[in-house]
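Colleague: Residue numbers (the numbering used here), protein chains in the order written: chain E, 1 to 182; chain D, 183 to 392.
Just to be clear, a hint being listed does not mean it is correct.
No more than 30 Å apart at the CA atoms, straight line, and that leaves these computed lysine-lysine pairs for DSSO-like [claimed, not checked]:
{"#": "1", "chain 1": "E", "residue 1": "Lys177", "chain 2": "D", "residue 2": "Lys198"}
{"#": "2", "chain 1": "D", "residue 1": "Lys215", "chain 2": "E", "residue 2": "Lys58"}
{"#": "3", "chain 1": "E", "residue 1": "Lys86", "chain 2": "D", "residue 2": "Lys198"}
Here chain E is said to cover these stretches of chain D; the calculated rule only asks that three of the stretch's residues, wherever they fall, bring their Cβ under 8 Å from a Cβ of chain E [stated by the list, open to error]:
{"#": "4", "stretch": "185 to 192"}
{"#": "5", "stretch": "202 to 208"}
The hints are simulated quantities; they were obtained by calculation from the structure and are not laboratory data.
Even glycine gets a Cβ: it sits at the ideal position worked out from N, Cα and C.
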Amino acid sequence: MKTDEQIVEAVKDGGVRGQDLMVSRYGQQVFAMIARLVSDVMDAEELTQDTFLRAFSKIDSYDAQRASLGTWLCRIAYHLTLDFLKRHRPVIVPIENCEVWQTDISDEQLEAELSTGREERIQRLEVLMDDLPPDERLLLTLHYFENRPLDECSFIMDATPHALANRLYRIRRKLYKQLQNI
Amino acid sequence: MTTYQDTDLREALRRKYADTPQLPADFMQRMQKSAPKPTRRPKYAYIAALAAAACIAFAVLMVWPTNGDPESDGSKLLVQQERTTKTDRQPDTTKLVASIQETIKHVDTESRVLPVKAAVHQAKKTDRQLVEQANTASASDSLDYYISKIERELAQVDDSLYIERIHRVMHADERLQRIVNNYIMNELHKDAQSHQATIINNVKTDDDEE
Chain E
1 MKTDEQIVEA
11 VKDGGVRGQD
21 LMVSRYGQQV
31 FAMIARLVSD
41 VMDAEELTQD
51 TFLRAFSKID
61 SYDAQRASLG
71 TWLCRIAYHL
81 TLDFLKRHRP
91 VIVPIENCEV
101 WQTDISDEQL
111 EAELSTGREE
121 RIQRLEVLMD
131 DLPPDERLLL
141 TLHYFENRPL
151 DECSFIMDAT
161 PHALANRLYR
171 IRRKLYKQLQ
181 NI
Chain D
183 MTTYQDTDLR
193 EALRRKYADT
203 PQLPADFMQR
213 MQKSAPKPTR
223 RPKYAYIAAL
233 AAAACIAFAV
243 LMVWPTNGDP
253 ESDGSKLLVQ
263 QERTTKTDRQ
273 PDTTKLVASI
283 QETIKHVDTE
293 SRVLPVKAAV
303 HQAKKTDRQL
313 VEQANTASAS
323 DSLDYYISKI
333 ERELAQVDDS
343 LYIERIHRVM
353 HADERLQRIV
363 NNYIMNELHK
373 DAQSHQATII
383 NNVKTDDDEE
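Generate the whole structure from the sequences, applying the supplied hints.
Modeller: Structure follows, in structure tokens:
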């Protein structure tokens with residue numbers, strides 16, 4: 001079992017073996033992350049391929065002190081996917097969504113409202129997820145689905161943990177408001 | 183950092199992404215087909231780059247001394263001129279040549295840019311003095327000022343710029359030497375003319391006496 005450092009060294013050396021190891025270890029993880037943002041599987045595959053090609057060419061810039069190899073790959077994938085989505089489908093934030101950014105609901109209240117265990121709420125949230133912009137959807141999946149801490153999410157999404165915490169609050173609040181409108 | 187439970191949200195996400203598609207098994211093969219072949223990093227490239235840099239530095243060092251060498255350029259002309267005119271020259275002309283050679287040596291040592299760091303340490307005049315001198319003196323007098331300025335600039339630039347600047351200085355030095363050579367040639371020409379005139383006068387005097 002090769003360590004991340006060994007894989008990185010093998011890729012730096014320029015051999016196919018190192019690339020093969022990196023793809024077999026992190027390919028599915030990267031692909032799954034992209035597939036959650038991009039509806040078309042072919043696009044997701046292509047973006048995964050671009051992610052690894054970018055990683056191979058930029059392997060010298062990888063800093064093991066800052067993030068694990070998997071997180072670094074997710075960061076590349078995130079930026080490539082966002083670029084792709086911007087090219088293919090511009091993200092338009094409806095004005096009504098801006099209105100809910102006002103802070104008049106506490107964290108505790110939001111947590112209680114998003115932890116009811118009621119079936120209709122879960123189903124509704126599942127649908128609402130599709131209406132979220134890709135970066136918001138990714139933040140939710142990274143934090144809630146993949147259980148990544150905000151520090152790691154902040155590296156992937158190139159934002160400070162504090163900014164991400166604020167963004168997460170706004171997303172939860174938006175979902176809460178939409179649930180109230182049912 | 184606070185971690186929210188938000189169990190409804192987690193459950194919704196778990197259901198939504200329960201059936202994430204799998205990466206095709208032949209993904210790596212397909213990627214390798216479409217991607218450019220990885221090339222082994224040529225370690226010799228670094229050695230080649232170092233060797234090239236060393237060659238350039240060596241070439242500059244080899245060219246440098248000849249540029250300001252008293253045996254080359256103007257001095258060679260002088261020696262040649264001295265050889266051709268030595269037989270019919272008076273002792274005064276030899277003195278003149280010697281003094282001109284001294285002048286050339288002086289100008290050469292002034293115009294030659296010494297190894298930068300040593301040269302900077304050798305600079306005795308302060309900036310203020312040099313600027314004052316440059317303001318009050320003629321262009322040729324202020325040569326010291328510009329040479330000091332060049333030395334200071336060269337001490338601050340990195341290797342790549344240093345070589346390029348040195349080449350420019352060498353080019354300027356060639357022009358400077360041409361000015362000095364012209365001066366020497368004119369002096370020699372004048373001297374030769376006056377010498378010839380003296381000889382002619384002497385001959386005439388002899389004829390007159392006869």
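Colleague: Now, for every hint given, state plainly whether the structure supports it.
Modeller: Hints versus structure:
1. Of the supplied pair hints, the one linking Lys177 (chain E) and Lys198 (chain D) holds, its CA atoms being roughly 21 Å apart against a limit of 30 Å.
2. Proximity of Lys215 (chain D) to Lys58 (chain E) is assessed by CA-CA distance (about 20 Å); at most 30 Å being required, the pair is judged to hold.
3. Proximity of Lys86 (chain E) to Lys198 (chain D) is assessed by CA-CA distance (about 23 Å); at most 30 Å being required, the pair is judged to hold.
4. For the stretch 185 to 192 of chain D, the stated coverage by chain E holds: 8 residues have a C-beta nearer than 8 Å to a C-beta of that chain, and at least 3 were required.
5. Judged by the Cβ-Cβ criterion of 8 Å, the stretch 202 to 208 of chain D is covered by chain E as claimed, because 5 of its residues qualify and three suffice.
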